[in-house]
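K.L.:
One-letter residues, chain by chain:
There are 2 protein chains.
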Amino acid sequence: MQARPKEYRYKVGVIWESERRGFLNAAGKPAIRVATPPEFKGHEGVWTPEDLFVAAQATCFMMTFLGTAAHRGLRFEAFEAEAEGTLARPDGQFLFTEIAIKARVALPPDGDRALAREVIGFAEKDCLITHSIVSRVRVEPTILVLKNHAAPAA
Amino acid sequence: MQARPKEYRYKVGVIWESERRGFLNAAGKPAIRVATPPEFKGHEGVWTPEDLFVAAQATCFMMTFLGTAAHRGLRFEAFEAEAEGTLARPDGQFLFTEIAIKARVALPPDGDRALAREVIGFAEKDCLITHSIVSRVRVEPTILVLKNHAAPAA
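Sequences listed follow chains S and Y, in order.
Quick note on this note's numbering: the first sequence kicks off at 1 and runs consecutively.
Quick note on this note's numbering: the second sequence kicks off at 1 and runs consecutively.
Heads up, a few of these hints could be off.
Pairs count within a copy or across copies, as identical chains cannot be separated in the list.
[Said to hold, decoys possible] Simulated crosslink set (PhoX-like; lysine-lysine; CA at most 20 Å straight-line):
#  : residue 1 : residue 2
1  : K102      : K147
2  : K29       : K41
3  : K29       : K11
4  : K102      : K11
5  : K125      : K29
6  : K125      : K102
7  : K41       : K11
8  : K147      : K6
9  : K102      : K6
10 : K41       : K102
11 : K41       : K147
12 : K29       : K147
13 : K11       : K147
14 : K147      : K125
15 : K41       : K6
16 : K6        : K29
Calculated from the structure, these hints are not laboratory results.
Model the full assembly from the supplied sequences, consistent with the hints where possible.
P.N.:
What follows is the structure, given as structure tokens:
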């Protein structure tokens with residue numbers, strides 16, 4: 001059996017287009033338009049560094065949930081989450097102090113609520129982006145048990 | 001004059017699609033397909049949390065460069081950067097220990113090399129994502145002075 005590598009590398013490129021906007025690239029992946037947000041003299045309707053930071057945490061939370069659910073045998077019907085990052089300057093310079101995540105999981109009628117909570121708790125703590133940032137991360141989960149597979153309970 | 005707000009909020013959503021992939025959303029912005037990377041049992045050719053983390057830093061570096069260049073009156077013809085994040089587990093759990101950025105700026109024939117270095121140095125230190133992460137960030141700049149506006153010097 002081969003040992004798991006100790007390190008992985010992730011590479012992206014950015015290229016300036018005009019004013020405060022440009023493109024974000026990664027080999028073999030679709031390019032993404034990026035810009036400074038309007039509140040910092042930038043542009044509307046374009047992904048920003050601030051969005052991407054919160055997105056890294058939100059997607060890592062989801063992927064850790066999915067991996068842990070597979071590993072632990074949690075059956076679920078749907079998963080979604082909303083993440084809100086707070087950019088503040090407690091000591092004069094801006095940084096993300098907190099990311100609040102609202103997670104919603106829908107389980108089948110015979111679903112295991114306790115296991116779902118456990119998997120969400122693991123995803124909250126063990127995400128590799130959580131380990132890489134100084135922001136406090138907190139997760140507020142909602143677990144729905146579906147009445148049948150066709151219509152989610154309100 | 002109105003005081004600058006002390007806080008800004010950035011919100012994104014994620015929604016599971018199938019296996020270890022889903023969509024990343026933000027109001028008024030194009031949706032992005034996201035997945036776990038292949039080395040963690042995921043999928044090829046899709047943006048991952050790891051990519052987005054490195055992307056947040058790379059785009060913040062570019063936007064800070066652009067804002068500072070405008071503020072300091074640096075004239076430049078082109079800007080691009082490549083960022084490589086190292087995911088390692090020095091103490092047993094994975095985190096991004098370092099992001100290395102190679103930045104290239106092209107200046108007009110009468111461009112100010114010293115000012116360009118200063119602006120890059122500021123972007124290296126003062127980016128708000130740099131303040132929000134535990135990873136060491138280092139920037140290796142290359143400054144080209146164009147011989148004329150049509151053809152960059154090799």
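K.L.:
Checking K29 and K41: alpha-carbon separation at most 20 Å within a copy, between copies, both or neither?
P.N.:
Answer is between; shortest inter-copy Cα gap is 18 Å, intra-copy 28 Å.
K.L.:
Between the shortest in-copy and the shortest cross-copy C-alpha distance, which are at most 20 Å for K29 and K11: within, between, both, or neither?
P.N.:
within (11 Å within a copy, 23 Å between copies)
K.L.:
With 20 Å as the alpha-carbon cut-off, assign the pair K147 and K125 to within, between, both or neither.
P.N.:
Neither, since 30 Å and 53 Å both go past 20 Å.
K.L.:
Is it within, between, both, or neither for K102 and K6, if the alpha carbons may be no more than 20 Å apart?
P.N.:
neither (32 Å within a copy, 24 Å between copies)
K.L.:
Checking an output row: K102 and K147, CA cutoff 20 Å. Within, between, both or neither?
P.N.:
The answer is neither: 22 Å in one copy and 54 Å across copies each exceed 20 Å.
K.L.:
My question is about K125 and K102: at a cut-off of 20 Å on alpha-carbon distance, are they close within one copy, between copies, both, or neither?
P.N.:
Within one copy only: 15 Å inside, 32 Å across.
K.L.:
Which holds for K147 with K6 at a C-alpha limit of 20 Å: within a copy, between copies, both or neither?
P.N.:
neither (45 Å within a copy, 45 Å between copies)
K.L.:
Is it within, between, both, or neither for K29 and K147, if the alpha carbons may be no more than 20 Å apart?
P.N.:
neither (39 Å within a copy, 34 Å between copies)
K.L.:
Indicate which option fits the pair K102, K11 if close means a Cα-Cα distance not exceeding 20 Å: within, between, both or neither.
P.N.:
between (29 Å within a copy, 11 Å between copies)
K.L.:
Under a CA distance limit of 20 Å, which applies to K41 and K102: within one copy, between copies, both, or neither?
P.N.:
neither (30 Å within a copy, 25 Å between copies)
K.L.:
For the identical chains here, do K125 and K29 meet the 20 Å Cα criterion within one copy, between copies, both, or neither?
P.N.:
neither (29 Å within a copy, 29 Å between copies)
K.L.:
Is the C-alpha distance from K41 to K6 at most 20 Å within one copy, between copies, in both cases, or in neither?
P.N.:
Between copies only: 16 Å across chains, 41 Å inside a chain, cut-off 20 Å.
Hints 1, 5, 8, 9, 10, 11, 12, 13, 14 and 16 from the list above are not met by this structure, while the remaining hints are.
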